[in-house]
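Novice: Chain by chain, the residues run as shown.
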Amino acid sequence: MRVREVTRSLVCASLLMLVWGMLITSYELVAVSVIPLLFLALPYGASCSVLDARVSGECYVGEEFEVEIRLKALGFGIVKAMHEVPEYFEIVEGSNAVARFVLGGEVVRIRYKARSMRRGRFELRRVVLEIEHPFLAWRSVGEVEVDVVVEVRQRLRRLTKVETVRGVAKSPIPDVDVSKIGVPGTDFREIRDYVPGDPMKFVNWKATARRGKLMVNQYEVEGKKAVWIFLDANDYMTFGKSVRNYLECGIEIANALAYHFLSRGHKVGLYVVGRGVCVHPDVGKRQFRRIGEELMRVEAGRESLERAFENCRKMIAIYKPLVILITRPEYSNPGRIISEAVKARIPVQVIALKGRVEGDEFAVALFELLRRRALGKMRRFNVVEWDVEKPVTKLVARVVG
Amino acid sequence: MRALNLALAELSLILAVKVAESSPLAILFPTKLLYVLLILPLALTFMRRNPYDLPVLIVALALVTVKLLTNSEAFYSLLDALYYLGYRDLSENLNSLFLAYKGSCLPQLTAIVVMFTVAQISWRLRRLEKLGIDLRHPLSILIVFGVAVVLFFPSVAEFRIGGMPLLFLGLSGLCLILLAVLLLA
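Going down the list, the protein sequences come from chains B and Z.
Each step along the first sequence adds one to the number in the numbering used here, with nothing skipped, and position 133 is 133.
Each step along the second sequence adds one to the number in the numbering used here, with nothing skipped, and position 132 is 132.
Everything labelled a hint here was simulated from the structure, so no lab data went into it.
Quick reminder that beta carbons are idealized off the backbone N, C-alpha and C, glycines included.
Pairwise CB distance ranges, derived in the manner of DEER restraints:
#1 D134/Z - G284/B: 48 to 58 Å
#2 C12/B - E21/Z: 25 to 35 Å
#3 E21/Z - S49/B: 49 to 59 Å
#4 L74/B - G170/Z: 26 to 36 Å
#5 L28/Z - G45/B: 51 to 61 Å
#6 R49/Z - S49/B: 37 to 47 Å
#7 I14/Z - C12/B: 20 to 30 Å
#8 R136/Z - E389/B: 44 to 54 Å
Isolated chain B (complex conformation) (with noise of 0.2 Å):
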C-alpha cells in the first residue's frame, strides 16, 4: 500500500517529536507526539448505493449521447465516483469523474456527453469508487454496478445512385433478376421433369402425354434475387486505427448495402468470416435488424474464406444469390473461391478495401506491389477497390448501380 503523502510528514513529525522527547527524556513532548496521529486516527467511511442511471439520445457512431448516474453516498468524508468508460469513447461535455465532501448524506451525480468513436454493444457496468479520509490520510477502493448497457450502431449511411461499374464481366444486378427460391407466382418459367413432392396441380397432362413421362410446369417465383453478404472480420481487418479501420469501413458497407437491397424487397443475408456468424437470408425491416445487431457486435477472429463458403455451400446452392464479399484479397486470396462460384453460375461482387500504408518506402511498395498481384488476379470477376478513409454512400452507388 502506497503511503500518503500528509501521512507521511505527519508520522515523520511525529517520530521526530517521539525520539527528540525520549531523547531529552520530556514528558511534554512524547505527549504531544501524539497529536499529528490523532489528526490520522479520525474515523472515516463511506458506503454507495446507485440511485438511477440512464442513458439519453441516439447511440450512432461520431454522435452524442448523455450518461447520468445518481449516486446516494451516506457517511463521512471524500467520496470519488469515477463511471469506467471504453476507450472508444471521446467525453465531450461534463466528466465521468466527479468527487464530493460527503458529511451524513449527499446525492453524487454524474453527468456527461460523450461520443463513441466505434460501433458495439458496451456494457458500462462498473462505477469506481474511492473514499477518501476528510484529511486525506487514508483511502479505501470499491464499486458499484449500474445498469448502463449502450448499443452504438454505425449511422446508416443513404444512398445515391451515381454510376454503374462497368468490368470484363458482365455485373450482375439483382434489381432486375428474380429469385430462385420462394412461393410460385402466375408467370410461366419453363416445363420440367415431375420430382417427388411437386404439386399434382403443376403436372402438365398434355406434355406428359408427348413425352411419355410426367412433366411439369415451373412458374417464377415470387420476389426478387437473395444477396449475401460476406463480411472479412479476420485479423488482417482491424489493421489502422481502432475507429477507422478496414473492418468498421467493412461493416458500414455490409450495413448500407444490406439496408438497400432490402428496403428494395430483397432477400438479404450474412455471414461475417473470421467469426462464423451466419443471417440466412430473408426480408423486411425484422432482417434489417437482425444483421444490424450482428454487424454491431462484430469482432476479429479467424476463419479461411473456404471454410466460410463451405458452412454456407448448401444454402447458396438453394438460393442462388449475389454474393458480396468484403474483403482484403491481398491476405484473404478469394480468386479460388470466387471462379468456383462463378462456375456455378453464382454471381460474385467483391469489394477490396484498401487504406493507406505507412512505414518504410520500400515496404511500402512491396506491400502494394503484393496488392496489385493479388487484384490482377481477379481482374476477369467483378472486383471495386475501394479506399477505406473515403465515404462509403459513393462506394455502395457503384456496387449497386
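Assemble chain Z onto chain B, guided by the hints.
Specialist: Just chain Z, lined up with the frame of chain B:
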C-alpha cells in the same frame, strides 16, 4: 491556503519565541533577536513551498527545547555528571538557573504541533479544489478538530491516575489490544 499556512507558521514561531523568552535562554541570549526567525516562513512562501513545513517545526521545537530542559531528568543527570567530573561551579550555576525557570509549556507546545498538523493537511487539501470540491467543509472540520485538541489535549495529557499519565495508560492499553489481536489472528 498559503496565507493560512503563513499565518499559522508565524503564530507558531511567535509562540516558540515567547516560550524561549520565559526560559533560561533569556539570561544567556538576547531573545529579541530570535524574532528574525519569522523571516523563515516568508522565505519558504517566496520559494513556493509550504510556509509551515518540517524545518519551521524543527526551529520552533528547538526554541521550546530550552524550556523543556528545565523538566528534563536527562539534563539534570548531565549536570550531575559535570559536577562529578569536576566542573562544579558550572554545574551548580546551570542547575540554579534552570531550576529558577522550571515550569510546563504543554499548552504552547500543543498549539505549535496542532498548527503544524493543520498546516500540513490544509496544504494537501489544495488539490481537492481541482476536483471541484468546496474546501470550506473539510477545512472547517480540520480547524474545529484542531481547536478542540488545543483546548482539551493539555488537560488530558496532564491528568494522571496513580502517578501515571492517563495518556500513556490509554496508549499502552491500545498497544496491548493491537498486540492481542495480532497474536490471536
